[in-house]
Amino acid sequence: MKILLPALSPTMETGNLVKWLVKEGDSVVSGDILAEIETDKATMELESPDDGKIERILVNEGTENISVNTEIALLKVDGEEIEEIPEKPIEKSPQVSTNESEPLSSEVNISMNSLLNQTKENLGEKNWSEKEISMREALNQAIEEEMKLDKDVFLLGEEVAEYDGAYKITQGLLDKFGSKRVLDTPISEHGFTGLAIGAAMAGLKPICEFMTFNFSMQAIDQIVNSAAKSLYMSGGEINVPIVFRGPNGAAARVGAQHSQCFISWFSHIPGLIVIAPSNARDAKGLLKSSIRNPNPVVFLEHELLYKEKTNVPEENDFLIPIGKGNLIKEGKDVTIIGFSMSVQRILNALPSIEKLGISPDIIDLRSIKPLDEELIYKSVKKTNRVVIVEDGFGITSFGSHLSYLIQSNCFDFLDSEIIKVSGKDVPMPYAENLEKLALPNTDEIVSAVKKVSYIN
Amino acid sequence: MNKKNKNNFTNDQLLKFYEKMFLIRKFEEKAAQLYGAGKIGGFCHLYIGQEAVVIGILSSINSEDTVITAYRDHGHILARGVDPKLVMSELTGRKDGISKGKGGSMHMFSKANRFYGGHGIVGAQVPLGVGIGFAHKYRNEKKISRVYLGDGAMSNGQVFEAFNLASLWELPVLFIIENNKYGMGTSIGRSAAGGELYERATVFGIKGEKVDGMNFFNVSESAIRAREYIEKNSKPYIIEMDTYRFRGHSMSDPGLYRTKDEVNKMKEIDPVLMMKETLLNDYKIQEDTIKDIESDIKKQIKDVEKFSLESPLPDLKELYTEVYL
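The listed protein sequences derive, respectively, from chains A and B. Residue numbering for the first sequence follows the numbering used here, starting at 1 and increasing by one per position. Residue numbering for the second sequence follows the numbering used here, starting at 457 and increasing by one per position.
For reference, chain A alone in the conformation it holds in the complex (with noise of 0.2 Å):
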């Protein structure tokens, strides 16, 4: 029986083999522990399948970057006949990728760390002294040296303490600044979000993560009555500092109460500022951006693009100013605008739009509200042409406005109409075909551009 590397999270594509608690030779029963496998979130224990002999081990302990299903071990079970025997560990797993879906693939990757490195001239970024790190680091960083600055900054929420975080955002916190600073909540999303606010007119600065956003509908009417609007009700006396973040939008395959885009419900509020980031540079500069912010910021962020790496400063002072979009890549033919998870779905189709012959420029808007307009406008009246990509429901949708906005100010620039590529209007399917189809693609990205320009 092949012992393969299991996927331990909905989110899983690879893991490390930390440790092989059994050897060749042993024999085991169904429910022994094999290894112990470090996943994106956590370190997990590996169950034998049954009863058995481990004949091979086929992947040494250390070994980083497994594909998910990799076979990691022979068992051999009472009874079976094992036809072939590997004769010897393999050094480094094959990456044989078994996920059908669009990869956020190290080619991508390196080109968004590439993308920013360009950037960092035309937005008159300083020489940082820069790591290479997630953004679930960079989050962490970011809370990490707010917290220490500056004592009224808290967290709370559901698992973010003893836990080290549901998806590790916040882990090391509780050793570092303990259970006054970081605090567990009940599952009572209405109740701590609601006294979180409570603190932050007080003058405390919450830090208030929301396992998902999709938990947030649950303590939507604090965010928006209790938080958006008590500064201008009271005539500017109480003011709400405080940020709440957490996942947004769909992770794989959780189904459709875990699988939503709430950055249209968001940037709708008055009072709210709403921040997407596509990457853990900006994630870094903007968490910190917002922590030191004196109003309510909504901080969206995606498990998906959690693992993903860029370079991202370290000093404190590193911050990226609240309402200033990137052109993150500048060509002419025509205007393509993401945030977050949506920014990773056009680079995914630019080697295609390249291919058509077709140069654009991408504008990676960062911050949804306040919204960089003169960058929207000033790259639409060079390339007189604009496709949106979102991942959120396209009805009354963000991008939408988006496009109002657009027609409206660049009217007599436009050689086109604007197309967006929005989330389909259903709930969330889980089956994995549906679930892709669900979401824009790189196809419908590639058509969208190719309609603006008039190629067939």
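If you are wondering where the hints come from, they were derived from the structure by calculation, not from laboratory data. There is no bait here: all hints are sound.
With the C-beta cut set under 7 Å, the calculated list includes, among others, these residues of chain B facing chain A: (1) S555; (2) K556; (3) H563; (4) K567; (5) L584; (6) V586; (7) G587; (8) F590; (9) A591; (10) Q614; (11) E778; (12) V779; (13) Y780.
The calculated SDA-like cross-link candidates involving lysine to any residue, where the alpha carbons are at most 20 Å apart (straight line), are: (14) A:K324 <-> B:Y780; (15) B:K593 <-> A:D152; (16) B:K593 <-> B:L624; (17) A:K2 <-> A:P49.
The beta-carbon is built from N, C-alpha and C at its ideal position, and this holds for glycine as well.
Start from chain A and add chain B according to the hints.
Just chain B, lined up with the frame of chain A:
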């Protein structure tokens, strides 16, 4: 010393409390009048009948303590010492309103007077108030967060989440249920199952009691007991005030859900009149002394009215200010 005055207030202190109750009563009567005249718009929820609650609690309060309540908030902000002119100007939607005319009757705040609103969504102020209590504890402040809620809010889910958090994290919060028997037009018997409302908090380990909320002395005594408990144990406490509103839920309430007889019967235990009688009969305070106070308040209310009608409407540019800081 009178047996009703276990808290050893001096006559001067008692007269100050009476003065506040009378101020709220006259302020609210004037608000009703101005509403009828079309000078106050929208929703206007009067506190008439419940004055002993807020002033009884006031008698236990340290000036640094914080207060938060729902939308029936005129009495609460006046009790905290905010100038009635600024409160009435908010009701009339003028520039000099405490919220610059942008909040209205339900949304008034004063950080200087530790008053955190003024919230229009039933129940929402309860987690907020627990959060203010969290901030007190976080900063090691010796303050208590006073959180008012109505009987209607006691069937609202977030209130129970807030009870749980306040008790779990041992926060310095005093919950005060103003049970005026009706959530808008629905009587308590038609909305709340089970026993006493405050008992719904005791299952979370919060100690509490029910008190005659029409009587200043009873409220005051219970509030001081609550304060001592919270200070000693660093845990929340809950008091259910048995009270009654003499006016409708809001100004547009025809009152079809209760009889005139019921209202008239409750008016026999009018908290303002009862306190006055106690001061006259049990404390032997001269009637003239009280009359002087009352006539000063009446005069003050005339000035308040004048000010609130003469204050200009907000500047049109105010539309876009204070959305973000």
